[in-house]
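Q: Quick one: dock chain against chain with the hints and give me the complex.
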Amino acid sequence: MTTGRIICAVIAILALLVCLGSSLRVFWGSPTGDYQQDFSIFKTWFTWGTVVWFLSAPYWLIPDFFKSDTGKDEEI
Amino acid sequence: MNQEATMAQMAQRLDQLYEFDREPVGEDRLHKGRRFAAVFAGEHVAGTEFVIGAMFVLHGVTATDLLVGLLIGNLLAVLSWTLICAPIATQVRLTLYWYVRKIAGPGVMVIYNLANAFLYCILAGAMITVAATAVGIPFNIPMPKLNDMYPNSVGWVVVVVAIGLVVGTVAILGFKRVSQFSAVCVPWMFLVFIAGAIAVLPQLGEIRSFADFMAIAHTKIWNGVPAEGQEKLGMMHIIFFAWFCNLAMHVGLSDMALFRYAKHWAYGLYSALGMYLGHFLAWICSGIMVAAYGPAIEPGPMAYNAVGVMGALAVVVAGWTTANPTIYRSGLALQIVTPNWPRWVATLIAFLTATFMAIFPAFVMNLLDFVALYGLILMPIGAVVFAEHWLFPLLGLEQYWAEKRKVIFNGPALLTWIVVLLICLWSYTLTLASLLHLPAFLVAGLRWIDSINPVTNLHLYFRWLPGYILAMLLYVGLSIAWGAKPSKGGLPA
Chain A
-14 MTTGRIICAV IAILALLVCL GSSLRVFWGS PTGDYQQDFS IFKTWFTWGT
36 VVWFLSAPYW LIPDFFKSDT GKDEEI
Chain B
279 MNQEATMAQM AQRLDQLYEF DREPVGEDRL HKGRRFAAVF AGEHVAGTEF
329 VIGAMFVLHG VTATDLLVGL LIGNLLAVLS WTLICAPIAT QVRLTLYWYV
379 RKIAGPGVMV IYNLANAFLY CILAGAMITV AATAVGIPFN IPMPKLNDMY
429 PNSVGWVVVV VAIGLVVGTV AILGFKRVSQ FSAVCVPWMF LVFIAGAIAV
479 LPQLGEIRSF ADFMAIAHTK IWNGVPAEGQ EKLGMMHIIF FAWFCNLAMH
529 VGLSDMALFR YAKHWAYGLY SALGMYLGHF LAWICSGIMV AAYGPAIEPG
579 PMAYNAVGVM GALAVVVAGW TTANPTIYRS GLALQIVTPN WPRWVATLIA
629 FLTATFMAIF PAFVMNLLDF VALYGLILMP IGAVVFAEHW LFPLLGLEQY
679 WAEKRKVIFN GPALLTWIVV LLICLWSYTL TLASLLHLPA FLVAGLRWID
729 SINPVTNLHL YFRWLPGYIL AMLLYVGLSI AWGAKPSKGG LPA
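Chains A and B, in that order, are what the protein sequence lines are. If you count by the numbering used here, then the first sequence holds residues -14 to 61, one letter each, in order. If you count by the numbering used here, then the second sequence holds residues 279 to 771, one letter each, in order.
Chain B with its partners taken away, still in its complex shape (with noise of 0.2 Å):
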């Protein structure tokens, strides 16, 4: 019962902070076409471009695999978003963290929103460790290799936290000077990627024509060679990486919070500005970059051998400003569960966890499987959502049961949420056995399960699709089973 005190008194804090998106947008606030447009092209050229299109290089792709994975991949994601959530969102109009409270309970809402407090904090230490690689420059500070795990030298862990510290007492002065900055970055740092690409080209070799340009990308840029103790990417791999590169937002909805001011669901189909933009063109300019560079995840050399100081420059300000509105989202979700202290302090907690995450280089390193576990840790949450919206009424269930018995948790939600997540990431339990040293017979149980469990042997990149499914499924069979029984007099409006 105390928790479930402890638990509303969080989602009142948390409704404080939300309550001016209460009410569903009227007709008079929607925005035309081209505010989505805007959003979509800045949004998807940021300073993860600069790592992600060089991965792909550095993972083995080929250049077919490349341009056919991200065309279908891409116009997957474009069709999440247009199919997926701007449906829900127009009709709905409410963000998702008020849907959410609405269909699984304050609760979950509350778990929800530190979880994801939690993953953004993550994201900005990477953003941070981007931006130091090309503040690191004119320092000479050893920069950390591709399977680095730990920092290689004082120096890289002073330039992060100096960095830290900049990010962070910005975000805590507030951001809207940096939002507004960024706004004024895009088309710049935008054009950073194709002129570098374009101007490194002759490193590679002489282009005269379209197929000069196919021939030196098959064997120098893509070649299907994977760096030393890289794993090798495939197609599958690709157009699973750029429909789920997203996920939270598209399948996980948390783009309602932009769609519900769309005047129909079909702007979604904006997104494909954002998508071939920056998750085609910039991605496939910085892999050009990095094959001129070399093979290294060194985002800032990579840029500053391209276009120079300019280039290091785009690098620290794409890093600066994805970071900052990151930590600051970060900090908002972490002051509900610290009691009556100051925004600033949540914030100060949160951009001290991601200057210490940004430290190991390891996340930036393995960003490509981090962008993977991101989408897919928030993914339940938006079958469950999906399940309510469409699947209820058409099964004859009870929309909003939850909401009207004034339940904190709603149990079906959370367990959904639960399994999923274990069966989808079974596989961490063994790592994370051998480093406990845990029992033999238990290591022993837990390997017994992970063989039989089907989704076990799909690479991370795939998982969240059956995930999803299941997570629909399992929501509808527990809510029947939990009492969302199906309404008298036929089906609910």
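Next up, chain A with everything else stripped away, as it sits in the complex (with noise of 0.2 Å):
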């Protein structure tokens, strides 16, 4: 694994994190106690983190991803 690919996967797996944590936070409860105020945040959470996700995990998973297409379908 090249380390472009080593760090795209570590920012990937901390854009999860951020996801999981949001919604970690909301459950718990924020020192204000506001849960209409905290799930709130946590879509904004999740939003943001679902961005890196997607610009971060296609280089991870799958290393020829942005090359040319061979135009070959996948047979199954």
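FYI, nobody ran anything at the bench for these hints, they're computed from the structure. Keep in mind that the hints are not guaranteed to be accurate.
[Claimed, not checked] Partner residues are not named here, just some residues of chain A that face chain B (Cβ under 7 Å, in silico):
#1 Ser8
#2 Thr35
#3 Leu46
[Claimed, not checked] Facing chain B, from chain A, some residues (calculated, C-beta under 8 Å):
#4 Leu1
#5 Cys4
#6 Leu9
#7 Val11
#8 Phe12
#9 Tyr20
#10 Phe27
#11 Lys28
#12 Trp38
#13 Pro43
#14 Ile47
The beta carbon of each residue, even a glycine, is placed where N, CA and C say it ideally should be.
A: Here it is in structure tokens:
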């Protein structure tokens, strides 16, 4: 695995951890005790976590994802 | 004779499509266990999970019934992969296509393939419906209700057709990118289930311990009260549902295509990853999400309520990535009966069929029953293969006798399939009779047969098991009667 892929893997995993962590924060409740506010913050963090995941995970999981297409369908 | 020649032609075309799979997989092409782990973990976190888990809540399943039922049912599914599918696959190292062709003849294989194609279209249609519930949110499209059979607005039809067009176009252009994309989506999608459920739990009540969670689970999520018009399901239903949810794959042996690459039959145990992540955790999570949302099968709005825009996106992605390969496979299967038509035309027909079915919410609203029927329809062929592979040598019968005699149709296999389906699905003939307004004496006759049919009184979910045993016995008996005589000189190798 190249250094670039390792970095992408780390970023992608961190993004998922952010998504998970933000949901746990809603579950346990923040010091303010305002569920609606916590829930709204969770959705925002989840959105950003998702964006980061989709920007980094393809480089990690599919090495040739951004290379040119061979035009051949995957057989099933 | 003409029919036989036509069938032989179709079989030849089908053979060409699957030509590269004709030879058994060699030792040098076997895969490591982690590949199986990844396939199973990825395959069973799909769009259907948003619907199935929610359905259990609306069918009034209790928390205990759900947890125990899913634990046992998924274990049975794992054992079916490990003890039924994987051992045959690792011995013959062929796809089900070639093994059924060898056992039941090319004609039966063509029929099997077409049945599969049609069922794939319905499944793809259900996935398009699931995606439409999310795409309809920004347009304020009224969602179909739980007991709806027909589309409820023009807007709904427009959204479904638009999604169908996108899915179909991608399937025609080739879906390699989509399958790669879906691999990237799986971990994230799994997190949508988990994070969504965790985040909405406080909406159901304060939870500070596992006991609090169980109390809420019993009273506010799986409280045992079915939604209006929905049948109540119990533990046995859940056990059987979890078991037969992938019946066509394990007992039906479709996953021979996967396990022929396994080094050992015990690799079937990797299916536990798919079962306990997808068919246990994801179903529980979608149950929690629907309890927070309200009693409706609206996967898009439900996920939107739990995770926001990304939840709705997850539903679209889940529906799309599941529908796409399904339509592609269906097109591949249809190609054999459309002489000289290019694959894109066959795929076009498949996606038009799927899109048409997606317009009718009846399919997705009755997804549990459809899943049961899907497995039930294909299961007898799995029983035929199992009987010929394991029972024939034990009984001293000649294996692969149909292939040796070069028959297009293995009569006992086809007859077994028809008889078992008639017995298991006889009650539907009464519905059909009333729709067709058949004469009273015919309906009375159908009713009388129904009254003496021992399977009729069984719930649809339970019918496959006696059907499977019957199929094996029937196939052995018919094969003996047909001339699969005991081989001379002891048991065949």
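Q: Run every hint past the structure and note whether it holds.
A: Outcome of the hint check:
1. About 4 Å separates the beta-carbon of Ser8 (chain A) from the nearest beta-carbon of chain B, less than 7 Å, and the hint is met.
2. Because the closest C-beta pair between Thr35 (chain A) and chain B is about 5 Å apart, less than 7 Å, the hint holds.
3. Interface hint at Leu46 (chain A): satisfied, since its Cβ lies 5 Å from the closest Cβ of chain B, which is below the 7 Å cut-off.
4. Given hint, Leu1 (chain A) at the interface with chain B, holds; its Cβ is 6 Å from that chain's nearest Cβ, closer than 8 Å.
5. With its C-beta approaching chain B no nearer than about 5 Å, Cys4 (chain A) sits inside the 8 Å limit, and its interface hint holds.
6. Proximity of Leu9 (chain A) to chain B holds as hinted, the smallest CB-CB distance being about 6 Å (cut-off 8 Å).
7. Because the beta carbon of Val11 (chain A) sits about 5 Å from the nearest beta carbon in chain B, less than 8 Å, this interface hint is met.
8. Taking 8 Å as the C-beta cut-off, the interface hint given for Phe12 (chain A) holds, the closest approach to chain B being about 5 Å.
9. Because the smallest distance between the Cβ of Tyr20 (chain A) and any Cβ of chain B comes to about 6 Å, under 8 Å, the interface hint for this residue holds.
10. With its C-beta approaching chain B no nearer than about 5 Å, Phe27 (chain A) sits inside the 8 Å limit, and its interface hint holds.
11. Checking Lys28 (chain A) against chain B by beta carbon gives a least distance of about 3 Å; that is within 8 Å, so the hint holds.
12. Here the hint on Trp38 (chain A) is kept, as its CB sits about 5 Å from the closest CB of chain B, short of 8 Å.
13. Interface hint status for Pro43 (chain A): upheld, as the beta-carbon distance to the closest one in chain B is roughly 5 Å, under 8 Å.
14. Restraint check, Ile47 (chain A) versus chain B: the minimum CB separation of about 5 Å is within 8 Å; hint holds.
Hint violations for this structure: none, all hints satisfied.
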